[in-house]
Amino acid sequence: MKKWLFNPFIYVAGWQALGLGLLLMAITCVIAFFSQTHFDGGIDVHFGAGFPLLVCALEQLNAWLSTVIVFSAAGFILSKSAIRIIDIAGTMALARVPMILAAVIGFVPALHQVDLNHISANFLIWSLIALLFSIWMIALMYNAFTVSCNVKGNKAVVGFIVSIILAEILSKIMIVQVYHHFLPK
Amino acid sequence: MEKKLPHICPSCSSELNVQSLVCSNCATLVSGEFGLPLLARFTPEEQAFIIDFVKSSGSLKVMAQKLNLSYPSVRNLLDDLIVKIENNEKPSNPSK
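From first to last, the protein sequence lines stand for chains A and B.
Take 1 as the starting number for the first sequence in my numbering and just add one per residue.
Take 1 as the starting number for the second sequence in my numbering and just add one per residue.
Only chain B is shown next, with the shape it has when bound in the complex:
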């Protein structure tokens, strides 16, 4: 079974942070509070879209063929992701 990385608190729906990281080789445990990287905050489908988009050299036409969707549908998915990225960036740059 593939585990999904949760990024939203099931109790209050806030963003989750990472409290500990473990070395898969020597089991060293690092403890603290780390924010999740931007990409990890996206859903698995959104992450797959971003990876496919990069693999397609950023071509919406290639993406449309790959996903069997029309060009504007793929562009709309990308635009929705851009809005999500911009919204995610806002709290980390309050001075801007």
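Chain A extracted, bound-state conformation:
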């Protein structure tokens, strides 16, 4: 059970993981559209204003593609194995599964009523729950990286930390372009 929750990539990778991952990302996108939840970075979850469905879909694609690009580059640099991009793409898509739950808790009104001077206990509790889903996703991403690229030990830890920071920077650069071109002015 623990393996399925944190490292399903031992059993599922490649096209199978990509198909399942993209399907779950599409479901996340629809839920996020209605709950006004935003995934505006590789590992980001924010709750705010409603965006068009196309922008919600592009947010999902941006978050996923930025990790695929950076972790593929890291894999080719760090791994001695004959790695396949389809495994990285598939496992990184599947690693985003906790974001469905993050999108669902976006329906909680407390997460949208933020007054920085009066932060409610309700807001804090639900924010912590959202943070737990993000941590779960990061754990899944780490295992996706180690399994699909066959990197272990310190090399895996350092490679992952550097890659996740670079993926976050890349996703922020790309999301600015998405908002600039696709958000109604």
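These aren't lab readings, by the way, just hints derived from the structure by calculation.
Watch out, some of these pointers could steer you wrong.
Said to hold, decoys possible - Calculated cross-link-like contacts (lysine to aspartate or glutamate; reagent style EDC-like; alpha-carbon spacing at most 20 Å):
| hint | chain 1 | residue 1 | chain 2 | residue 2 |
| --- | --- | --- | --- | --- |
| 1 | A | Lys-80 | B | Asp-79 |
| 2 | A | Lys-152 | B | Asp-79 |
| 3 | A | Lys-152 | B | Glu-86 |
| 4 | A | Lys-80 | B | Asp-80 |
On the provided structure of chain A, position chain B as indicated by the hints.
Same frame as chain A, but now just chain B:
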């Protein structure tokens, strides 16, 4: 009970060698010091993996289906074995 061939010394963890071999038909005993073949130095699980891999004509996809594992998991197991084989070969070819 299936006996496992020990290949690591329980006292100092070095590689074990074979000191005697016996004919199962006439009980002739051959004595000496013989190194274990490379495959015999692997764990039973690793040996089973190698046998399955050969039986699958070296197809990682077939192996993945057989073991109910993903393709990269099987490739990683194979890569780990390749590293182990290379490490085992190093002391026997010091000139290389």
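Checked hints:
Note on A:Lys-80 and B:Asp-79: the hinted pairing holds, with a Cα-Cα distance of about 9 Å set against a maximum of 20 Å. Between A:Lys-152 and B:Asp-79 the alpha-carbon distance is near 12 Å, which keeps this suggested pair within the 20 Å criterion. Of the supplied pair hints, the one linking A:Lys-152 and B:Glu-86 holds, its CA atoms being roughly 18 Å apart against a limit of 20 Å. Pair hint A:Lys-80 plus B:Asp-80 holds up; C-alpha atoms about 11 Å apart against a cutoff of 20 Å.
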